[in-house]
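Colleague: Protein sequence lines correspond, in order, to chains A, B, C and D. So the first sequence is residues 1 to 495, counted in my numbering. So the second sequence is residues 496 to 994, counted in my numbering. So the third sequence is residues 995 to 1091, counted in my numbering. So the fourth sequence is residues 1092 to 1638, counted in my numbering.
Hints in this document: simulated from the structure, not taken from any laboratory. Beta carbons: idealized from backbone N, C-alpha and C, even for Gly. Certain hints may be false.
To be verified - One side only, chain B facing chain D, incomplete, derived with CB under 7 angstroms:
#	residue
1	PHE518
2	ALA522
3	GLY565
4	MET771
5	ALA921
6	PHE962
7	THR975
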Amino acid sequence: MIGVGAETWLILCIALPFTLAVAAYVVGPRANLYVAWLAGLAIPLASAGLCYGVVTEGAIRYAVGGWDQPLGIALHADVLSGLMVLLSAVVGLVTCLYGHRYLGGADDASSRSYWPLWLMLWGALNALFLAGDAFNVYVTLELVTLASVGLVAMTGKAVSVRASFRYLILALAGSLAYLLGVALLYAQHGVLDLVMLGEQLGTDWASVAACAAVTVGLILKAALFPMHFWLPAAHGSAPAPVSAVLSALVVKASFYLVLRYWLDVFPASVTDVGSFVLSGLGAAAIIWGSVQALRTPRLKLLVAYSTVAQLGYLFLVLPLLRDAAQRDAVVTGLICLALAHGLAKAGAFMAAGAMQRVAGDDGMHGLRGVSVSTPVAVFAFALAGISLMGLPPAGGFGAKWVLLDASIASDNWLIAAIMLAGGLLAAGYIFRFIRVAFHTEEFAGSVVTRHRTLEWSAMALALAALLMGFLVEPISIWVANAGAAGTTQLAEVVP
Amino acid sequence: MTASVLMPLIVLLSSLVPAVLIFLLPADRHWLRGAMSLGGATLKLAIVAIMLWGVFHEQTYRLTIPFLPGLPLTLHADALSMFLITLSALLWLFTTIYAIGYLDNAPHRRRFFGFFSLCVSATVGIALAGDLLTFLVFYELLTLTTYPLVAHRGSAKALQAARTYLTYTLGGGAVLLLATVWLYHVAGTLAFREQGFLNGLVAEQGPTLTVIFFLLIAGFGVKAALVPLHGWLPKAMVAPAPVSALLHAVAVVKAGAFGIVRVVSDVYGIETSDQMGLLLPLTLAASFTIVYGSVRALAQDDLKRRLAYSTVSQVSYIALGLSLGSPIAALGGIVHLVHQGVMKITLFFCAGNLAESAGIYRVSQMRGIGRRMPWTMAAFTVAAFGMIGIPPLAGFVSKWHLGVGAAAANQGWVIAVLVTSGLLNAAYFLPIIHTAWFAVENSVNGKSDDHKDAAEAKWPLLAPALFTAALSMIIGLFATADASPLTWATLIMRREFGL
Amino acid sequence: MLYAFGGVALVCLGLYGLVALEHMLRRILAVNVMGTGVFLILIASAARAEGAPDPVPHAMVLTGIVVAVSATALAVALACRVAEQEQEGRPEGEVKP
Amino acid sequence: MSDFLANILSHGGVWLLVIALPMTVAALATIRGARRYVPLLAPWATLPALVVALWAPAGVVADVPWFLLGAQFGLDETGRVFLFLTATIWFIGGVYAQSRSFRDHAGTHFFVLFLLTMAGNLGLVVSLDMASFYMWFAVMTFASYGLVIHSRSPSVMRAGRVYIAMAVIGEVVLFAAMVVLAQSAGTANFEQAQLAGVSPDRWRLVSVLSLLGLGVKAGVIGLHMWMPLSYRAAPTPAAAVMSGAMINAALIGWLRLLPFGQVELPVVGGLFTGLGLLAAFAGVFIGLMQRHPKAVLAYSSVSQMGTMVAALGVALQSAGRWQFALGAVLIYALHHALAKAALFLAQGLSEQAVPSRASRWLTQLALVMPALSLAGAPWTSGALAKAGLKSEIALSSSVWSDWLITLLPIAAVGTVLLMVRFVCLSWPGKAAISQQAAPLPAAISACVMVTLSYSTVWLWPNAGPANAAEVASSPKALWAGAYPVLAGIAIAWLGVKTIKPVRLAPNRLTLPAGDIVVLIEKAGKRLFRLIGKQAINRSATPRQPLA
C-alpha cells in the first residue's frame, strides 16, 4: 500500500474484476486456474489496500475520468463501503478457491460461464459499494442482478432456471422502483450525488415518496419479508459457490444501499412510521424465515431461509437510527452484522455444498450421519451457525451486543426481545441439522468423494466469522471517527 | 510482568491447543491423542499450581484481549477463579484418564476428545473471566462444546437429550445476554470486583438492578439446575460416563453455580444484595431445589438418573450458601463448589464402571455387586456418604458451614432444610449401598445373570474413581489444614467480605 | 406534466401485469411497460421552465434503456430455456446444453 | 516404669493409636495374605484404649488444628469412665466372637465392620470437639448397620431398615443441634462451647435437638423402636457391644453437649425427666410382654436409660451440685453398661449347647448374677449405683426430685420383674447337654464380663460420693436394695400363680417387639401405596437402560 494512493486501489477494485471477467470469457476454460488465482490474489489485495486507505485517511471521492457531477461517474469510498468491499474480497477469495474445486475445472458449459459471470458480479458489487451517485447505483444494481441471475441459471437445471427467471423479474421490478425514486429525487433537486442529495432533502411529500419508492425497490431486492419469496428458491437451487455469494454479498448489496440512503440521504425524510413498518417487517422476517428453516426438508433451503431471517435483523434495528445518540453504535452493529452474516452464510453454503457433494443430495434425510464422512464441513457449518445464532465470540455476537445495548439505551425493549428470540430460533434450525449430522445411522453417501478444499474453504470462512467478533471494537472506532469527520464536514458546509 | 500475562494464556491454551491438534490428527492415532490430552492436562495442572502460589501471595495475573467496544475480554486470576480452575484442572486430568479407558475401542474418539478438551478450555475461561462479558462468552462456548459430548452416542435418545439440553441452556444464555447488556447499560462496567461494583447505584437504580439480578440468576440457574430450570440435567444422562462426570462435577453445572457466586459476590456484592433484599428469594429457590431434587432422586431406579437428581439437589447448596448473607454460609457454599465436584465425579466414575464392567444401569441390578467390584463400590460408598454429609468426608464440611451460617443468619428453617436434605440423601443413597454390599444376589428368575461374569473394572477406570474418593476424604479430613479447599475458601470469603 | 402522469399510469399498469400475469413472456412485457413508464417520468423531469431541457435525464434514460434491453434479453433467454425443458417433458430433469 | 508409661500416655499421639489401631486392623482385610488374621486381632485392637483408660493421667489433650474443623482429642474423668467401659466391652465382645463356630460362620467382613464400629465408638469417647465426635458417631452408626443385619434373614433385614432409618434421623438432628451450638458459641469445642455464654434460648434449642438426636441412640421413649428389633437381630457379641458400649455414646454426647453445671434449664430438664420416667415404666411394661429374651433386655435398656435421662434432667434443673451428680451418673452408666453386656453374653451362652452339667450351672449363674445386679440386689454393683443416684436426686433442687424418689423404687420393682421374665425365657433346659466342643472363648468372656460387672464399680476410684461404698453397705441401704427385689419376685410368683391368662396363655399377652414401629410401618405402607401408585404409573413405561 506504500506509495500507492487509495484512489488507485479504488479504481483497481472495480477495474480488475471486470478486466479479468472479460479475460476469462475470451480465454475460456483452459485458463480457469490462472484466472482464479489471479482474481483471488489481486482483487482482495486491492480491496485491502482501499480499506486500509479509507480507514487511515478518511472518506475518498473520485470522479472517473475527471468528469464531475452530474454527468460523470462519481466514486465514493468511506468506512461502510470500504468494509463491504473487504467483505466481498474475503468471500470472493474463498469463493475462487472453492469454485475452482467445486466445478472441477471441467470444460463444460457451467464452468465456462461461471468465471466470467462471477468476476463480473464481483466487479459490479465493488462498483455498487463504491458508487457515489444515485444513478450509478442503479446501473451497478442492474449489473449485479444480471450477473447473479446468470449464475443461478448456470447449471441449466429446470428448477434453477425457473428460480432465476423469477428472481430476474422481481429484481427488475425492484430496480425500476428504485429508478422511479431516483427520478423523483432528480426532478425535485436536480442532483444525483448522494451526499448532496442528503443535504437538500426535507419532509415534503415528494421526498417522502421518493424515499418510499427507493426503499420499496431495494427491499424487494434485499428479500425483506414479505418480498422474500423468490430468495429461497434462487439461493437454494444455485450451485453452492453461487449460493454463497448470493446470500453473503448480493442481498447485502441491496441492504447496503438501504443503509446508505437512510444514513446519508433520507435522515430528514424518513418518518417514524416508515422505520417502524420496516422494523416490523424485519421482525416478521426473522420469525417467518426461522420457522420455515425449521421445517424445510433440504439443507440448502434451510440456509437460504436463514438468510431471510438474518436479513430481518438488519431491518429490525433501523428505528434505532432515529436516536442520534445511538447512531454510531447502530451503524457499527449493522456493519458487523452484515459482515458476520456474509462470512458465516458463505461458509454455511460452502459447507452445505461440500456435504451435498458427498451425499449426492442435500435432503435432510440423506445427510443423516454425514459427520462421519465430512467432519470438517459439519464443524464449519456449526461454527458458521454460532455466528448466525449470535453466540460469542462470533461476529454475530458482537453485533448483537452492540445493537442490544443500543436498543436498551433507547428503550426499544421489543426490538431487544425479538433479537434474542431470533437467536434462539437460529439455534433451533442450526442444531436441527447438527442433530441430523450426528445421527448414528449409517451414512448413505459415499465416503470416497470427499473434497478437502471444499470443506476447508467453508471452515476458513466460518472461522473468519467466528473471529469477526474481535473486529467489532476497531470497527466501532472507525465508525466513530468517520462520524466525527462527517459532522465537521457538514459543519463547514452549512454556514 | 510477562508471567502475569502469560500464565492465564497458557492455562487456556493448554487445553485449547490439544483440542485443535486432536481435531487435526488422523482418527487412528490413539496413542498420540491420549498423550496430548494427558500432556495438556498435566501442563495445566502445573501452571495452575504455580498460579495458586502466586495468587496466594497477591500477585496479579491479568490478560486483556480487545473485543467489544470498551469491553475487552479479560482473563484475571483471583482467589475465587483459582478455586474453580484448580478443581477443573485436577478433575480434568482424572476424567481424561478415565475417558481414555472408558472409550477404548469406541467410535468417534477423535471428536469426543477434541470437544472434551474444548469443554475444559471453556471452563477455564469461565473460571478466569474477569468480567461478566468474558464470563458470558465462555459460558456460551461451554454450551456449544458440551452439545457434541451429550449427543456423542448419536442414538435417537442421545440426540433428544442433547436437544433438550440445548433448548434450556441457550434459552438461559439469551436471558443472560439481555441481563448483561442491560447491566452494562446501567452500570457502565462489567468488571468483577470483590464486594461488587454496584454499591453506588443501588439508591437510584434499585428496581432495575433487582430485575437484572433475577434475570442473571435465571440465566445461570439453568445450568445450575435450579428448579424449575433443571429439566435438562436428568435427560443428559444418556451421555457417556466421563461426560456425565464432567457435566456434573467440573463444567456445566459448576459453571452455572459459579455464575451465581460471581453475580452475588462480585457483581452485586453479598452485603449489597442482602441489603437490597435479593437474597431471600434465592434462598427459597435453592431450598426448594434441594428438597425437590432429593425427593425426585428417591423414585429413580436408574442409577445415573438418581445421581442426576442428586446433583440438582446438591448444587443448590452453593446458591444456598451464597444467599444467606453470612460469611460462614458463604464459605460453606463456596467450598461446596469443590467438594460437590470431587464427590459427584467419583459417583459418576463408579456408575460408569458398573455400566462398563458389569452392565449394570439400575439400582435394582446392583444386588451384591460389592463383592464382585469391591473397589468401585468402596469408592462409591465413600462418595455417597460424603454426599449425605457424614464426616470426615468433604460433604460434611460444606454442610457444617452452611448450617452454622444459617444459624448465624437467624434462618433456622434453613437448618431444617439441611436436615431434611440429609435425611433424603440418606434415603436414596443408603439403599444403593445396602443393595451393593449386603443384599444377597437372588438367583431366582435368572436375575443374577446381570453381572455373573462381572469382575472389577480395569485400572484406568478404577484409579480415577479411587483417587477422587480418597480426595473427597482427604479434603474433609484435613479441612482446616493449609492449602485445603476450606482454607482457600476462607481466603476468598475474607476478600469478598472485606474482612 | 402529462408525460409524468402517463409515466405513472404505465408504471401502475406494469406493476399490475407483474403481479397478475402468469405467463413468462407477459411478465417480461409487464416489466418493460413498467420500465417505459419510469423512463417517461424521467424524461418529463427534464422539462424546464425556460431554455433547453436538462440533458442529464436523457443520458440516464439512454443508459436505462440499454440496461433494460440486456435484462430483457436475458429474461427471454431464460424463458426459452424453460419452454424447451417443458417441451421435452421432463421439467425436473437435467438438460444438457 | 510407671513414669515411662505415663510419659508415653501423656503424648498426644496416643489418641491416634487408640483410634487408628482398630482401623488399621480392619484395613488388613484389603490385603489378601493378611485377611485371615483380622478376626484373630480384632479384640486386641482395643488394648491401647484400655491402657489409656486405666493409666493415662487425666487432662491429656491433643490439639489437632489441621484435622477436620480443628479437632481436639483428650481424656477427662468422664471420658475415662466411658473409655474404660467401651474398651472393656469391645474387648470382651471381641473375645466372645472368637468362638470357632461363630468365627467360621461370620467371615472376615463381620470383623471388619466390628472393628470399624469399635473405632467409631472409641473415637467418639476421646473426641472433645463436635466435628470429630460427630464423625466417630457416624462411623459407629453406619458400620454397626452391617452388624445388625449380619444374618440377612427377612426379619433381620427389617430390623436393619428400622435401625438405619432411625439412626439417620438421629444423625441429622444431632447435626442440627451441633451446628446451632457451634454458631451460638463461636466454637466447635465442647468445653469452650459450654463456657461461651450462649443464651438460654439457644441452649434450650440445642438441648431439645440433642434430646432428639442422641435420644435415638439412647432409646428415649418414642425413639426406641429400633432397639428391640436390632438387639434381637444382631449376633450376640454385636448385641453386647451395642447394648453395653454404643448406647452410652448418647450419654457421653449429652454430657459433652449440654451446659450441665453452667446454665439451669428447668423446662428442658423437666422434659428430660418426664420422658425418662415414662421410658423407665413403659420399658418395663412393654418388656414384660416380649417373648424373646433379647427383646426383653432391649426394653430393659430403654427403661434403664430412661432412669439415667431422668437423672440428667434433674441435673439440668440444678446446676449447683453437678460435680456430684456427674459422679452418680457415671457410676450408673458404668454399672448398666457392664451388666447389660454381661446379660447379653450370658444369653448368647444360654443358646449354645453346653457340654456338661457344670457348664450349664455356669451358664445359669452367668444369667442370674448380672440380672440381680441390674435389679439392684444388695451387694451388687447395681445397689451401689442406684444408691448413689438416689442420694443425688434427693439433694437436688429440682421440683421433680420428690417424684423421682417415690417412683424410682417402683421402677426398680419393674426391673426385677423384667429380669425374672428374662431369666425364665433364657433358662437353659436340661436337655441341652451335648458332647460338642465347648465354645470356650464365649464361656470365658461371659464369665469375665459377669465378674467385671460386679467388681468394677466397687473398685472404681472416686466413684460417686466419697463414702458410697460404706453407704451402700449400710443396713438401710441393704434393705433399700433388697425390698424391690423381694417384692418383684413375689409379684412375679403371685402373678404367674394367680392370674389365669398369664399362666395359661402367656403368648396372648404379648406386644410385638418394637411396638409402635409396627403402626408406623403400616401407616407408611399405606402412604407409600398412595403416593407410589402415581409413581408406578409414571414409571410403568419401560425405560431403556442408560449408560
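Colleague: Hints numbered earlier in the text: which of these fail when held up against the supplied structure?
Modeller: 1, 2, 3, 4 and 6
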